[in-house]
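Based on these hints, arrange chain B on the given structure of chain A.
There are 2 protein chains.
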Amino acid sequence: MALYVQKFGGTSVGSIERINAVADIVAKAKAEGHQVVVVSSAMSGETDRLINLAKEVQSPIDSREYSSMVSTGEQVAIALIAMALKARGLNAKSMLGHQVPITTSDDHKKARIQSVGKENINSLLESDVIPVIAGFQGVNAQGDVTTLGRGGSDTSAVAIAAALGADECQIYTDVDGVYTTDPRVVSRAKRLEQITFEEMLELASLGAKVLQIRSVEFAGKYNVPLRVLSSFNPGSGTLISYEGKPMEDALVSGIAFNRSEAKLTILGVPDTPGVAYQLLGPVSDAGIGIDMIIQNIAADGRTDFTFTVHRDEYQSAMELLQQIANKLGANEVVGDDHIVKISLVGVGMRSHAGIASTMFDVLGREGINIQMISTSEIKISVVVDEKYLELGVRTLHSAFGLDKEADEETDPL
Amino acid sequence: MALYVQKFGGTSVGSIERINAVADIVAKAKAEGHQVVVVSSAMSGETDRLINLAKEVQSPIDSREYSSMVSTGEQVAIALIAMALKARGLNAKSMLGHQVPITTSDDHKKARIQSVGKENINSLLESDVIPVIAGFQGVNAQGDVTTLGRGGSDTSAVAIAAALGADECQIYTDVDGVYTTDPRVVSRAKRLEQITFEEMLELASLGAKVLQIRSVEFAGKYNVPLRVLSSFNPGSGTLISYEGKPMEDALVSGIAFNRSEAKLTILGVPDTPGVAYQLLGPVSDAGIGIDMIIQNIAADGRTDFTFTVHRDEYQSAMELLQQIANKLGANEVVGDDHIVKISLVGVGMRSHAGIASTMFDVLGREGINIQMISTSEIKISVVVDEKYLELGVRTLHSAFGLDKEADEETDPL
Chain A
16 MALYVQKFGG TSVGSIERIN AVADIVAKAK AEGHQVVVVS SAMSGETDRL INLAKEVQSP
76 IDSREYSSMV STGEQVAIAL IAMALKARGL NAKSMLGHQV PITTSDDHKK ARIQSVGKEN
136 INSLLESDVI PVIAGFQGVN AQGDVTTLGR GGSDTSAVAI AAALGADECQ IYTDVDGVYT
196 TDPRVVSRAK RLEQITFEEM LELASLGAKV LQIRSVEFAG KYNVPLRVLS SFNPGSGTLI
256 SYEGKPMEDA LVSGIAFNRS EAKLTILGVP DTPGVAYQLL GPVSDAGIGI DMIIQNIAAD
316 GRTDFTFTVH RDEYQSAMEL LQQIANKLGA NEVVGDDHIV KISLVGVGMR SHAGIASTMF
376 DVLGREGINI QMISTSEIKI SVVVDEKYLE LGVRTLHSAF GLDKEADEET DPL
Chain B
16 MALYVQKFGG TSVGSIERIN AVADIVAKAK AEGHQVVVVS SAMSGETDRL INLAKEVQSP
76 IDSREYSSMV STGEQVAIAL IAMALKARGL NAKSMLGHQV PITTSDDHKK ARIQSVGKEN
136 INSLLESDVI PVIAGFQGVN AQGDVTTLGR GGSDTSAVAI AAALGADECQ IYTDVDGVYT
196 TDPRVVSRAK RLEQITFEEM LELASLGAKV LQIRSVEFAG KYNVPLRVLS SFNPGSGTLI
256 SYEGKPMEDA LVSGIAFNRS EAKLTILGVP DTPGVAYQLL GPVSDAGIGI DMIIQNIAAD
316 GRTDFTFTVH RDEYQSAMEL LQQIANKLGA NEVVGDDHIV KISLVGVGMR SHAGIASTMF
376 DVLGREGINI QMISTSEIKI SVVVDEKYLE LGVRTLHSAF GLDKEADEET DPL
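For the protein sequence lines, the chains are A and B, in the order given.
Per this note's numbering, the very first residue in the first sequence carries number 16; after that it's consecutive.
Per this note's numbering, the very first residue in the second sequence carries number 16; after that it's consecutive.
One chain only, chain A, in its complex shape (with noise of 0.2 Å):
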């Protein structure tokens, strides 16, 4: 017997049917013998329709009146689980974040979680009442609701898991677990079994949107096993874990893209000890979130950088960039805004050097050519020119071993 807690997201609680569907994997697992937590998020429509009608009263929105207005969409919806329970003759109660109590910081439209407290949910357990606990939502030391921020229901689960050393957190969305890459791209990327949570956060933050990065993190820190599945087609999703037993050996497990990016290069800057800062302060003080930053070995005392913004934020920085290349002395500043990165993710690649050359080679056979690399421990980006991304991540897909067999049965969305 294993105790999961399984969190539902806003498509997975949408409707009734979907409610009717979600007790259904509930009562599943209640009847393979296991103890079940319910953490939902509200059904999916339902925040924004609050937020439009808040939003037409005041602006900005008063937080603390804000946070207790939305936190009712989770409360609407942990009614109405529990509801489908007792209908299937199960034993159910909904939790809300004061009940439970899940304490948080103050700061109530991006609170902090606190603590979990353990003793109300276990009593219910052990009377065998299955937990449904509004996910999103917390309270603070004033006694008042809290939210957690977007997707925050996702944290909920995980925080909730840790503090009851849960075996696993499901979390129930609408794709059916973690993909080699996007299914959109290469019709033979398939569905991975398991991955680390180190590769998930790299994955997770290159765009592969399937969980909120903070839980990811906390799941990590806690080591609580994640598990991502499907709550519209049955099936065993992906186990985000510490490596465990590597069912693969793959080197690569994932590949991850973004084409929101751009370039910028400000060429011939004197090679000053302090000339990083000087460039890029500037750049954040502007809110200009800055993704790769490459430098390379100076010549004749002066030095080129290369960084990567978002591709909307590349007329501000061009702008910005040309003044501060004036004050410094620079010889020019030059960009691109068509340019993608790909990036292969795998824990593997740690012990194998090959990995980049065979990237590389692989790569330049399809006559593309890399404008940029940047490595980490667990990943390689390359930028290339937007026309090659198709092209590359399937190339590189089927070159490090990911094409599921023609006759392997997948279900992408």
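The set of hints was computed from the structure by calculation and includes no laboratory data.
Computed from a prediction, not measured in an experiment: that's the story for all the values here.
Heads up, none of these hints are tricks.
Given that identical chains are not distinguished, each listed pair holds provided it fits within a single copy or across any two copies.
Below, simulated DSS-like cross-link-like pairs (lysine-lysine); rule was C-alpha separation at most 27 Å, straight line:
#1 236 - 125
#2 70 - 43
#3 70 - 45
#4 70 - 124
#5 101 - 70
Then chain B, alone, in the frame of chain A:
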């Protein structure tokens, strides 16, 4: 400086436009130097929307989950009102049932208020913060959300006003006060400036659906002056209190009527002790509500009983009575479901025996035959053929001096 509890019903907060109007009403009272505590119902339609969702999931609906779910309607409304007040530069804070706290009995869907904590409310008032409290909800000893039953927000407001010793509990609704009779029947019906609790109870139970009966009883018990006003039109409404200053010397305050009555008579019942119970016990056991009961003096050892029921229950009451008549050896059962009840209400009646005779005289002159008569301290009710309803009410309204002057301005709805 007075302390007012201002309670707003569902139609008064039914849209963002209406919520802004509510904030204007509160702001006006603040500008006049008063302290204000706001109590609100859910936006109209919201409670029904939620109940319909629940009905799709479970039948009968679990009452604990029902309360937790439907209480979100008020939670949203109070957050929006607090935002609207803040948008007007006032300080305000929403308060849920457990935050006040308003403790109740355990009975989730029709909980009774046990106590209202005044410390948190008073500490807000002392800091010049307007408390905006969710009506209709409370918290039980287990920390669960409870609800008071439909219309319970009026009771919440009265209980809060009683706890705080407020100068007035102002019930804002979609009518601008209590009228001498239904303006749809008598165009010259006028708004009453003042009325007693007892009169209001008689009028409310007789069909003037302005206030929830329980809240009037509650207000009377704790001597909280109630004022019914419109949130749509300015005006002083109707003050409901213990006599106070008799502004009008009227003997009759208002005329109520009920169109949904039917009468049944069981003739020739043996006049033995306990026969009334043998007759009415089974009717009441069958869940049929009985309004008037009349027994005349016995003659030749036999007596007649007549009573009135709701028209919807006429057929089932008739069938049941025929069985009982057989059992008791009564002569016959007769009935009529085309009758109405007309009632004069007024504390002035207590000391004026002439009211009844005037009433019978006035009706007789119009050729209206009186079928049944029932009286209480401050009420006289007669049953007449339904075709005489409008004529009877109009004639009595005029005869007892209730008609407004032709040039008086009123706004019936």
